[in-house]
Amino acid sequence: AQSVTQLDSQVPVFEEAPVELRCNYSSSVSVYLFWYVQYPNQGLQLLLKYLSGSTLVKGINGFEAEFNKSQTSFHLRKPSVHISDTAEYFCAVRSSSGAGSYQLTFGKGTKLSVIP
Amino acid sequence: EAQVTQNPRYLITVTGKKLTVTCSQNMNHEYMSWYRQDPGLGLRQIYYSMNVEATDKGDVPEGYKVSRKEKRNFPLILESPSPNQTSLYFCASSPRLAGGDNEQFFGPGTRLTVL
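Chains as they are written, first to last, in this note's numbering: chain Y, 1 to 116; chain X, 117 to 231.
Okay, chain Y solo, but in the shape it has when bound (with noise of 0.2 Å):
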């Protein structure tokens, strides 16, 4: 089975400051990762995805995340944040193989908050 652990529930930051929203995962079998964001009242829209190949990914909005393979780790950053980057992530897990491969199991979400 996968898990997914986001270990912030809430993060607030001021504007123009570099953010990073934690996550973690399990998994017995290689996996894809990926960065999902929603607005408030707004469905999920992907922020950014690792399958393979290089360890640092870069996504919409000026995001990037970084795979750490010895840490089960996919921390989500951005160096500088706007108003407009307030809403709330959700990181996810997905097997490349077996049962899991059909599972797509997300984090309990990070609530990002940008003060002016």
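Errors might be hidden in some of the hints.
Said to hold, decoys possible - Not everything, but these chain X residues come out facing chain Y in the computed CB check (under 10 Å):
#, residue
1, S149
2, G158
3, L159
4, D172
5, G179
6, Y180
7, S183
8, N218
9, F221
10, F222
11, G223
What the hints assert, rightly or not - Keeping only pairs whose Cα atoms sit at most 30 Å apart, straight-line, the calculated DSSO-like set for lysine-lysine is:
#, chain 1, residue 1, chain 2, residue 2
12, X, K181, Y, K108
13, X, K185, X, K133
14, Y, K49, X, K187
15, X, K134, X, K181
16, Y, K111, Y, K69
17, X, K173, Y, K49
18, X, K187, X, K133
19, Y, K49, Y, K111
20, X, K173, X, K187
21, X, K187, X, K134
22, Y, K108, X, K173
23, X, K185, X, K173
24, Y, K108, Y, K58
25, Y, K69, Y, K58
26, X, K133, Y, K111
Since the hints were made in silico from the structure, they are not lab data.
Where is the CB? At the ideal position from N, CA and C, for every residue including glycine.
Start from chain Y and add chain X according to the hints.
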């Protein structure tokens, strides 16, 4: 426009009254899935479908049914809704799921309240 649509977007009902939430995608995707989102719990998968007539349980299937008679539609059925099924529901689809670059596209959500 490529999209996943859900209807209704908002629904208030009473305990025990059967309801169906429809989901439709126009991208010819093989894989479809239903999730529920609850505060502090993130998204949890209810059911998924790998293709027509192929469905399987997710993590929280109790109290729900699904069917996949055609590729584009994947309705979620609550035969006898209860208050603990009050939640925000999302439908999603992807070209396929196993093996590779398959982004899931999400619908706009259905907010269900069961009194």
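Does K69 of chain Y lie within 30 Å of K111 of chain Y when you go C-alpha to C-alpha? holds, 25 Å
For the hint on F221 of chain X, does the least C-beta distance to chain Y fall short of 10 Å? With a minimum Cβ separation of about 8 Å from chain Y (threshold 10 Å), the hint on F221 of chain X holds.
Taking the least C-beta to C-beta distance, is F222 of chain X closer than 10 Å to chain Y? holds, 4 Å
Holds or violated: K108 of chain Y and K58 of chain Y, Cα atoms, limit 30 Å. Distance ~22 Å between K108 of chain Y and K58 of chain Y Cα, so the pair holds.
Report holds or violated for the interface hint on L159 of chain X, using the least CB-CB distance to chain Y and a cut-off of 10 Å. holds, 4 Å
Tell me if G179 of chain X is really an interface residue toward chain Y, meaning its C-beta lies closer than 10 Å to one of theirs. At about 19 Å, which exceeds the 10 Å cut-off, the nearest Cβ of chain Y leaves the hint on G179 of chain X violated.
Using 10 Å as the Cβ threshold, decide whether S183 of chain X counts as touching chain Y. violated, 18 Å
CA of K185 of chain X to CA of K173 of chain X, is that 30 Å or under? holds, 17 Å
Compare the distance between the alpha carbons of K185 of chain X and K133 of chain X with 30 Å, and conclude whether the hinted pair is satisfied. Roughly 23 Å between the alpha carbons, so the hint for K185 of chain X and K133 of chain X holds.
Verify the proposed pairing of K187 of chain X with K134 of chain X, using a straight-line Cα cut of 30 Å. With Cα atoms ~24 Å apart, K187 of chain X and K134 of chain X stay inside 30 Å; holds.
Is the straight-line distance between the alpha-carbon of K108 of chain Y and that of K173 of chain X 30 Å or less? Roughly 20 Å between the alpha carbons, so the hint for K108 of chain Y and K173 of chain X holds.
Hint check: is the beta carbon of Y180 of chain X less than 10 Å from a beta carbon of chain Y? violated, 16 Å
Hint violations for this structure: numbers 5, 6, 7 and 26, all remaining hints satisfied.
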